[in-house]
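Count the sequence shown with mature numbering (1 follows the signal peptide of the UniProt record, and there is no 0) and you get residues -37 to -1, 1 to 560, in order.
It should be emphasised that the hints constitute simulated quantities derived from the structure, not laboratory data.
This one's a predicted model, so the numbers in the text were calculated from it and none came from an experiment.
It is possible that part of the hints are untrue.
Mimicking EDC-like on lysine to aspartate or glutamate, the simulated pairs with C-alpha atoms at most 20 Å apart in a straight line are [what the hints assert, rightly or not]:
hint, residue 1, residue 2
1, Lys234, Asp158
2, Lys110, Asp311
3, Lys494, Asp419
4, Lys193, Asp182
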Amino acid sequence: MSGAGRHRRRIRLALPVGALGVAAALAAALLTSSADAATPLPQPTVKPTVGSPSLAELKRRVAGALAGDDTAGQPSKSSLSSSTGDGTIDAKIIGGTTTTIASAPWMAQLHYYDDRGTSSTGDDIGFFCGGAVVAPTKILTAAHCVKGYNWNANGAVVTGTSQLPSADGTDLHGGTVTGVWRQWNHPSYNATTIDNDIAVLTLPVPVKVTPIRMTTSGDTASYQAGTSAKVYGWGRTSSTSEDISETLKTATLPIQSDTTCAGYYGRDFIKGHMVCAGPPATGSDTGTTSACNGDSGGPLVVNNRIVGVVSWGVTDCVAKGAYSVFSKVSSYVGAAYPRVDDTNISGDHKADLWVRNASTRTGYSKDSKGTSFAARVSWGNWNGVNVVLQTDLDRDGYQDLVYRVSSTGDVYWTHYVISSGTWSTQQIADNWTTRTRIITPGDVTGDYLPDLLSVDSAGVMWIYPGKGNGTFAPRVKVGSGWNQYNSVRGHGDFTGDGRTDLIARSKTGGYIYLYKGTGSAGTGAFSGRIKVRTWSSTTYNAFDATGDITGDGKADFLARTPGGTLYLYAGTGKATSEIFATRQSVGTDFKQYDIFG
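Take these sequences, add in the hints, and give me the full structure.
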């Protein structure tokens, strides 16, 4: 993209550093009861271990990144030399126009600076990438911008501005800077081939910008050759200068067919995992429109959906006949979306368990360790309720609870308020005594906002589309017949397509059915059921679905025997009888619990 820029000096390979895991732990304390509660309900209090760096520290990181001369994860792809004569490929807008943050409010600047703690500056690491806000605390970007770097210790994310910060990092031009809480990159990312180049950063606080959604797994129309797409970024503006743009740029690129892309790049272009776009480069800046260095991780957008993430291109971006290459988001939404919807009690990437003791009415949380649970932590007295569910209705990254009061049927939402460090409880439904099922599966309607489901006494299922603040749009009828099931559970994506699903067990026969989510509301919210198991009540008498317990990006399932053994059924992502892996026991003392969150 054309325009004056900030100079970035020579490019050298960035050195990897280890990732630091952090978590937010929840402990128990008593809360002021709601008027309808039989006894005071517990109010969880957060003891943050995350913490946000000071503003001064974040600005220091920004300044270091802007002054840095590294390229994130720059790989060598010698196989490319046979087709283009270049020995390396740079993760990389030349051509295009200036745009405003109002036209792309979801754009994010990713600044990374690690001074390595030595007296020398020669080993410092500083680089810049782009990204897109896909949820209030989630940034979609490229894996080569994340893998091997400790973003919690060294990263800063700037949102809400079209301008890069001043060189010293002090003037954000109206933007907001935050730290990074957690990081995830595709587990199969390959730095040599730049395959599976997609990642998600989690922020410790939500940003007040409008998110953009990823496209769906079934999207083919967006990738048809000739489709008009837009790329956004602050990257290099010329093949002959290392300057990156001071202001946000955009360019319109036509999608190219896989055949065209492979015809130029050969085996370096991996069909199904990558998409290329743009007119073929001319060999110089004149007539070339392309992503370039500094644009890495930014979005390629079609119809206001992210269809690609800037991944790589030829050195200096303008080699004759070359195209910009992007990670194909439709192929990765199944892996990335669970990281957008991975809120849990302890704040890591693994869904935890909430249970209540039937005799003492004490609630407990149990932190997932992947294939087991840690010792339980008491949440105090939870008498007077008959449903407790884990969710994150406000998408702030801290898990909430939804519970129903036994005597009145009133439903409440309790959630952590980051600004005050306290918890708030508000009523969200009135007199749901006869509702046979209440479910908090996550985003059913495809807008990235968690929804609420219920089944009434007539067996009709309703969707209450969430607005992201504990309120809901008017309910939408899914269909009838849901009272034929004695269990309907779900939290997340069981099939790997990036859509929220449900698991139901029939009262007669004990048949287990998968209802695949479609990402829409109403009668089309779920596809026709698929029988995946037969589990009678003598096999299992309680189920739970809290999300991705193992941390592999697939939703998992829990089942308890009448004797009290709890089994973990790890999800496989398959919509068949092989939907779950072989069960694993996670404890034998679960007969004591009457509520599973």
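Against the structure, the hints:
{"no.": "1", "hint": "Lys234 to Asp158", "in the structure": "holds, 10 Å"}
{"no.": "2", "hint": "Lys110 to Asp311", "in the structure": "holds, 17 Å"}
{"no.": "3", "hint": "Lys494 to Asp419", "in the structure": "violated, 24 Å"}
{"no.": "4", "hint": "Lys193 to Asp182", "in the structure": "holds, 17 Å"}
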